[in-house]
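Participant: Chain residues, written in single-letter form:
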Amino acid sequence: MLNTLLSAFQEDFFLRALLALFLSGISAACLGSYIVLRRMSFISTAMTHSILPGVVLAVLLGFSAYWGALIAALLTAAGIAWISSRKGSSEDSAIGVMLSVMFALGIAFMGLSHSWRDFTGLLFGSIVSVSTEDIGVILGTTLIVLFCLRLVHKELELASFDEEYAHLLGARPGLLRSVLLILIALAAVASVRLVGALLTTALFIIPSTTGALIGKNLKEVMFWSVLCACGGGTLGLIISYTFQGIPAGAAIVLGCAIPYFIVRIKNA
Amino acid sequence: MSPPKSHLRKLFSEAFNNLFPAVPYAAPETNESGDWAVEVKNLAVHIKSQNSAVFSGVSFEIPVHCRTALIGPNGSGKSTLLKTLAGLIPQSAGEIKLFGSMPRIGRSRIAYLAQSPQLNPDFPLQLKRLVQMGTYAHHGWFEECHHADEKVASALKLLELEDLVDRSVHNLSGGQLQRGLLARAAVQGAEILLLDEPYAALDTKSREIVENFLFHKDNSFTVIMATHETADSQKFDRVLEIRDGSLKTIHACAGHKNHHA
Chain A
1 MLNTLLSAFQ EDFFLRALLA LFLSGISAAC LGSYIVLRRM SFISTAMTHS ILPGVVLAVL
61 LGFSAYWGAL IAALLTAAGI AWISSRKGSS EDSAIGVMLS VMFALGIAFM GLSHSWRDFT
121 GLLFGSIVSV STEDIGVILG TTLIVLFCLR LVHKELELAS FDEEYAHLLG ARPGLLRSVL
181 LILIALAAVA SVRLVGALLT TALFIIPSTT GALIGKNLKE VMFWSVLCAC GGGTLGLIIS
241 YTFQGIPAGA AIVLGCAIPY FIVRIKNA
Chain B
1001 MSPPKSHLRK LFSEAFNNLF PAVPYAAPET NESGDWAVEV KNLAVHIKSQ NSAVFSGVSF
1061 EIPVHCRTAL IGPNGSGKST LLKTLAGLIP QSAGEIKLFG SMPRIGRSRI AYLAQSPQLN
1121 PDFPLQLKRL VQMGTYAHHG WFEECHHADE KVASALKLLE LEDLVDRSVH NLSGGQLQRG
1181 LLARAAVQGA EILLLDEPYA ALDTKSREIV ENFLFHKDNS FTVIMATHET ADSQKFDRVL
1241 EIRDGSLKTI HACAGHKNHH A
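Sequences listed follow chains A and B, in order.
The numbering of the first sequence is this note's numbering, which starts it at 1 and goes up by one.
The numbering of the second sequence is this note's numbering, which starts it at 1001 and goes up by one.
If you're looking for bench data, these hints aren't it; they were derived computationally from the structure.
C-beta atoms are modelled at their ideal positions from N, C-alpha and C, and glycine is treated no differently.
Be careful, since some hints might not be right.
Pairs of lysine-lysine residues, derived as PhoX-like cross-links and limited to a Cα-Cα distance of at most 25 Å, are as follows [said to hold, decoys possible]:
1) B:1248 - B:1157
2) A:219 - B:1041
3) A:266 - A:216
4) B:1217 - B:1151
5) B:1083 - B:1235
6) B:1010 - A:219
7) A:216 - B:1205
8) B:1083 - B:1041
9) B:1048 - A:87
10) B:1205 - B:1151
11) B:1235 - A:216
12) B:1205 - B:1097
Some chain B residues near chain A, calculated using beta-carbon distances under 8 Å [said to hold, decoys possible]:
13) 1106
14) 1112
15) 1118
16) 1119
17) 1120
18) 1125
19) 1126
20) 1129
21) 1136
22) 1139
23) 1175
24) 1241
Just chain A, with the same shape it has in the complex (with noise of 0.2 Å):
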């Protein structure tokens, strides 16, 4: 058993997907922090899942799969607010909406590419084949959403907490969400080579929840956040190479929901 952990850490590819994952889990946990905080799990899950048909596309059309992706997501975030400013519409609604009809345009693309296996590792994350050049992307996108978040801490933190005060010192609560959104987008593109269109959603979400059922504050709640993604998501990258038949963006998944399960009976 040992000896098998040890191995994996002399393996070049095993090496390159840990730096990817922890790269990954600290933008989407410090993202996933405000998501859980401010109950936008649905519209993070739609966003997750709406990048399909713009990936699909891209491959279909020669591009490169991030940019498909991120217009996908960007499309996504402008149909769910118009869809909501509409009368009669709630943002609830309009994120359903968006979410089932970017998936089914995602899936009806890959039917007419005719090759529904070029896609499996889009749908369920092939994290054990990141490139050197996926590192960069990732390592790009991180830098980004960290520096934003960085830079509008203490507004967000604002704005999530009360938004009427927040508004009134002139903050714009709706700008905020709209960069939390894109920032969502960025890193939901960056993460989805490792964990799959399917699974994506939980990088964000499971770890913030455990982080948020630790953390008094918000610093500490992100804190935690990153330690139970990166610690979980490594734990669920040993399983994979232990036992060869579990994919590794399930077991990545899994790893980040054992913490949660730790917690959650530790609190019950």
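With chain A fixed as given, assemble chain B onto it according to the hints.
Facilitator: This is chain B only, laid out in the frame that chain A set:
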């Protein structure tokens, strides 16, 4: 000597703030104050969904440092008037000036406290951080609030909350939370306090502390407080009554006689 990390952060923060000197959302304030804190002329407010005027032709002036009670039956428009003064509800007609400028969001000289503040119950926040939030409009990008610690400590002391600084705001009583929100307004540097039924959730002790804070001669706030409790009207310099869509002055501050009785 400060540790290298904070030194680096300070350098970075200074460089960024030199590039972008003002926090873009804070509305620029002139230092103009004059005699009047609030001047309202022929104000009318319509609520679209109700398709009717809450009030119209309302005119009054409130001098600087005057403590004003706004009384009237339920649904008479007290909260609407306070929200309009705060810039949260647009006026349909008329003119409002607070320290000589129109009401708009982003003015740190004005603070509004709702009767039931809509705070996110899932967001973990300690009382000290809540009070620190009052300083946000005065900070540049990347700046933390530590250099306002003295101001925060003094506001917490004034409202007798020093022992509760680390307590979660969700574990505070209604009265303690209301005092915390007033401390936040004080730290914000607000000079006009627009208060909607602030006594509603207060026990006797909290009420005494809040009254000391609002009416103490050393605190130079201009207060406009919506209240049901007419028995307290003697404590106020001026009492305005809003009823059936119009407003009348019951009694005025010394030296400022009824202008629009």
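Participant: Now look at each hint and say whether the structure bears it out.
Facilitator: Each hint, compared with the structure:
In summary, the hint linking residue 1248 (chain B) to residue 1157 (chain B) is not supported, as the alpha carbons are separated by about 37 Å, beyond the 25 Å threshold. Our distance criterion of 25 Å between C-alpha atoms is broken by residue 219 (chain A) and residue 1041 (chain B), whose separation comes to about 47 Å. With a CA separation close to 16 Å, the supplied pair residue 266 (chain A) and residue 216 (chain A) stays within the 25 Å bound. Among the hinted pairs, residue 1217 (chain B) with residue 1151 (chain B) is consistent with the structure: their alpha-carbon atoms are about 19 Å apart, no more than 25 Å.
Between the alpha carbons of residue 1083 (chain B) and residue 1235 (chain B) the distance comes to roughly 23 Å, so the proposed pair stays at or under 25 Å and holds. The suggested pairing of residue 1010 (chain B) with residue 219 (chain A) holds, with an alpha-carbon distance near 19 Å, which does not exceed 25 Å. For a cut-off of 25 Å, the pair hint linking residue 216 (chain A) to residue 1205 (chain B) is broken: about 28 Å separates their Cα positions. Pair hint residue 1083 (chain B) plus residue 1041 (chain B) holds up; C-alpha atoms about 16 Å apart against a cutoff of 25 Å.
The straight-line distance between the Cα atoms of residue 1048 (chain B) and residue 87 (chain A) is roughly 15 Å, inside the 25 Å bound, and the hint therefore holds. Straight-line distance between C-alpha atoms of residue 1205 (chain B) and residue 1151 (chain B) comes to about 24 Å, which keeps the hinted pair within the 25 Å bound. Of the pairs offered as hints, the one joining residue 1235 (chain B) and residue 216 (chain A) is violated, with about 40 Å between alpha carbons and a cut-off of 25 Å exceeded. For the hint pairing residue 1205 (chain B) with residue 1097 (chain B), the CA-to-CA distance comes to about 35 Å; that exceeds 25 Å, so the pair is violated.
Residue-level restraint check for residue 1106 (chain B) holds (minimum Cβ-Cβ distance to chain A is 3 Å; threshold 8 Å). The interface hint given for residue 1112 (chain B) is met, as the beta carbon of that residue sits about 6 Å from the closest beta carbon of chain A, less than 8 Å. Contact between residue 1118 (chain B) and chain A, as hinted, is supported at the beta carbon level, the nearest pair being about 6 Å apart and thus within 8 Å. The interface hint given for residue 1119 (chain B) is met, as the beta carbon of that residue sits about 5 Å from the closest beta carbon of chain A, less than 8 Å.
Satisfaction of the interface hint for residue 1120 (chain B) is found here, the shortest Cβ-Cβ separation to chain A being roughly 5 Å, below the 8 Å cut-off. At about 6 Å, the closest approach between the beta carbon of residue 1125 (chain B) and any beta carbon in chain A falls short of 8 Å, and the interface hint on this residue holds. Against a cut-off of 8 Å between C-beta atoms, the interface hint on residue 1126 (chain B) holds, since the closest Cβ of chain A lies about 6 Å away. Taking 8 Å as the C-beta contact cut-off toward chain A, the hint placing residue 1129 (chain B) at the interface holds, the least distance being around 6 Å.
Checking residue 1136 (chain B) against chain A: minimum C-beta separation of about 5 Å stays under 8 Å; hint holds. The closest approach between the C-beta of residue 1139 (chain B) and any C-beta of chain A is roughly 7 Å, which is under the 8 Å cut-off, so the hint is satisfied. At a threshold of 8 Å, the smallest CB-CB gap from residue 1175 (chain B) to chain A is about 18 Å, leaving the interface hint violated. Restraint check, residue 1241 (chain B) versus chain A: the minimum CB separation of about 26 Å is more than 8 Å; hint violated.
Figure legend: structure checked against the earlier numbered hints; hints not met, in rising order: 1, 2, 7, 11, 12, 23, 24.
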